[in-house]
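Visitor: All chains should be built: construct the whole structure from the sequences, respecting the hints.
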Amino acid sequence: MTTLLKVEKITKKFGDFYANDQISFEVKKSEVLAILGENGAGKTTLMNILFGHYTPDAGNVNFEGNAIEFGNTNNAIKLGIGMVHQHFTLAENLTVLENIIIGRQSIFSMSLPKRHARVKILELSKKFGLPIDPDELVANLSVSEKQRIEILKTLFLDCKLLILDEPTAALTPQETDALFSTIRSMIETGLSVILISHKLNEILAVSDRIIVLRNGSSVGEIDAHSADRKKIAEMIVGKKIDYPQKKKIPRKSKVLSLVDVSYNKTDAPNLSKVNLDLYGGQILGIAGVAGNGQTTLAKILSGHFKPTQGKIVFNEAKSVLTSPKSFMDLGVAYIPEDRNSDGIVGDMEIWENAIMTEMDDPYLRNSLGIINKKTSFDRSENLCETYDVRMQSIKQRSRLLSGGNVQKLLLGRWLMRKPKIIIACQPTRGLDEGAIASIQNLLLKAQQNGSAIILISEDLDELLTMSDDISVMYKGMLSDPTETSSTDKLSIGLRMAGDGFL
Amino acid sequence: MIKFRLEERAKSPYWLIILSPFIAILVAIILAGILIVLAGANPFESYYQLIIGAFGSKNSFAETLARATPIILTGLAASIAFRAKFWNIGAEGQLYFGALATTFFGTGLVVLPSILMIPFMFIMGALAGGLLLLPLVLLKLYYKVDEVVTTLLLNFVVVLLVSYLLEGPWKDPMSLGWPQGKSVIDEGVLPQILSKTRLHLGFIISIFFAFSVWFILSKTVIGYRIKSVGLNAAAASHAGVPIFKTVLIVALLSGGMAGMAGVTETAGLKGYLTLDLSPGFGYAGIAVAMLANLNPIGVIFSGVFLASIYVGADAMSRAMNVPTYLADVIVALTVLCILLSLVFVNYKILFFGVKKND
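Chains as they are written, first to last, in numbering that gives the first Met the number 0: chain Z, 0 to 501; chain V, 0 to 357.
Each statement offered as a hint is correct.
Reference excerpt, derived from the structure (chain Z facing chain V, CB under 8 Å, subset only):
(1) Thr54
(2) Tyr333
(3) Gly342
(4) Met347
(5) Met355
(6) Arg364
List of simulated lysine-lysine pairs, DSS-like, C-alpha gap at most 25 Å:
(7) Z:Lys310 with Z:Lys264
(8) Z:Lys12 with V:Lys347
(9) V:Lys244 with Z:Lys298
Honestly, the hints are just simulated from the structure, not real lab data. All C-beta atoms in this analysis are idealised placements derived from N, C-alpha and C, irrespective of residue type, glycine included.
Guide: The structure is reproduced here in structure tokens:
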């Protein structure tokens with residue numbers, strides 16, 4: 000097989016920090032190469048160099064024998080490198096067809112060559128099994144449909160190497176299978192694919208070779224067909240992983256019920272007549288494809304949204320629930336799904352984030368509202384130590400923390416309060432194996448201590464290992480819970496696609 | 000063609016952070032110098048005249064500090080608000096509202112000994128400024144009405160209200176027909192702090208508030224909440240920070256500061272309310288806050304800097320026969336250069352590939 004891409008000793012420094020240190024690898028024609036690594040291992044930096052976002056400090060990249068021009072995305076596209084980012088870059092108010100062709104038009108051209116493009120797009124869509132309606136508005140599409148458009152966008156530009164960043168992050172198992180069969184048909188026609196992911200099982204199913212990055216260096220190259228899952232996971236983390244062991248504990252009394260809760264506004268996906276009971280010591284998993292109302296449900300449970308109908312009954316709630324704060328005071332902890340935009344204040348220091356939920360604590364402030372820096376620092380040091388938040392200093396800006404450490408900080412902040420109810424939205428999304436295990440272990444420990452947990456996740460493996468019962472959410476409706484032991488991926492996947500809902 | 004791109008710095012060097020405002024000011028002065036040449040004057044001599052005009056004598060120095068007084072307060076107003084990403088562009092209107100309160104309470108309605116009268120007027124001025132902002136902040140919080148538009152437009156409404164009052168019911172009958180308010184009673188007048196100049200107690204008060212705001216923003220729970228709401232309101236709200244209450248407090252503090260600028264001008268500099276009480280001090284406050292990177296202590300220095308340009312430019316204009324508008328140009332260029340310098344502090348420029356024409 001001929002070599003398509005040859006990366007030689009790429010080094011990229013940010014200050015004194017080596018994001019990439021002498022990384023070399025090759026991608027052959029008709030091959031799927033997976034790049035695995037923890038957050039901060041340098042995957043994204045490396046891809047940004049390939050795609051022309053960054054200029055490396057040293058090293059060469061050859062594409063079909065030609066050196067690529069660094070720092071020039073247009074050049075990368077022209078050569079035939081296409082990239083689908085984890086967060087899509089589509090204009091919601093344009094049609095599918097317009098989205099695919101728009102970036103390639105001169106800003107001064109007065110018309111779009113739609114007819115020619117339509118023929119080509121439909122051809123590509125048929126060839127690679129990517130069904131789309133070119134005249135549909137992007138705003139009306141699901142996540143997996145949007146992803147198809149992103150892939151078509153790169154194929155439309157005749158790409159030879161497609162880079163997919165966490166492509167399965169928000170797909171149902173069925174959609175993931177469809178994506179993988181698309182990838183296979185691409186390989187058959189001579190394209191090459193680089194997959195960046197942390198979902199090992201999936202990677203193993205579809206890739207040919209695996210490169211593992213750790214701390215900016217390449218620590219190994221493995222043939223995917225003969226690879227051992229646990230060994231790769233430990234290679235990624237660089238140490239043994241303490242996989243979570245679920246222990247069932249007897250159910251305690253009911254802590255929370257939702258009775259016919261509906262949400263009917265335009266600012267978020269709606270809910271229709273959701274009923275739910277939650278017990279102390281129970282982990283209730285909620286499966287569903289993103290955008291079916293899970294976030295709305297979580298926001299209602301944490302007081303950020305008010306239901307338009309129905310009621311929330313807390314076990315001992317006699318107080319009036321008016322604000323997120325009053326839910327907090329009742330013992331509700333809410334881990335939002337987007338930890339960077341909704342969880343942490345990136346430009347504030349770690350200690351400031353660590354005490355953010357505790358501003359009423361007289362230990363941290365006096366009655367005049369003056370913050371006691373010393374006790375606040377102590378508390379934050381203590382939190383970081385207890386929950387293994389790895390950092391250089393608590394006075395460091397929080398945005399410099401890795402995803403896993405951000406999540407440990409956020410979860411630890413809640414666990415310090417000994418919450419009665421934890422609402423965890425996608426708590427391990429985008430994290431590496433080691434961090435996933437730590438977060439899951441923390442949640443299981445909270446359950447052992449009697450907390451009731453609602454675990455909203457798109458990762459079915461996670462739901463099946465963690466939950467006692469699983470409900471599925473589809474178009475704002477919530478199914479009755481099924482005991483985890485009596486269900487499997489396939490049946491949950493079908494229900495996520497709407498099976499069994501009226 | 001030489002191409003370049005910006006790349007975020009992991010950490011900005013300290014020397015650059017400290018030096019960048021000075022470089023920015025220097026660049027602005029050089030650019031404005033070109034305009035001075037175009038106006039037909041020698042730029043070096045003009046700038047010399049400007050500096051002499053602003054700091055050259057006891058009187059001019061006092062005048063600069065007197066001019067800085069309201070600008071520091073409106074600068075604080077903008078600093079507090081902008082930190083919480085509450086875009087209060089209405090300091091001008093709030094200043095006039097403070098001035099209206101001063102006139103209402105300070106011209107005879109309430110008579111107290113000086114030691115009580117002055118704080119009383121400042122409290123009333125601050126309340127007036129804050130209350131003017133209150134409906135706007137409620138509109139923002141309940142109906143998401145953009146505060147940039149409402150605060151800006153209300154400025155004109157307030158100025159017209161002042162104009163109506165001064166031409167009509169509040170016109171001082173002793174003013175020989177000039178549209179001005181009644182004089183503030185003697186107990187309310189802010190005492191001179193440098194004899195035979197116009198520098199008054201208001202300057203000390205504005206410095207005091209700069210330190211107070213600094214203390215609130217950096218040491219207290221309120222300041223901490225303001226910071227978190229400004230940097231990431233969603234995350235702050237998820238951690239239980241009361242957004243509504245925090246934004247409300249920000250608005251009251253911000254409007255209060257601007258309102259007090261109206262007090263210093265009415266009870267300190269002029270002694271009575273006039274229609275030209277503020278030649279845009281409210282807007283200047285935005286520039287001052289930007290120059291200081293929203294730091295309340297920095298506001299003192301940038302306020303004095305801006306005042307010195309305005310005061311000095313008057314002298315420069317008289318001596319060199321160049322337009323006083325150059326002051327506005329220098330200030331505008333300085334703000335632009337400072338904003339640009341922040342880009343250089345946070346990003347480095349990478350040049351790459353000199354591409355041949357083919």
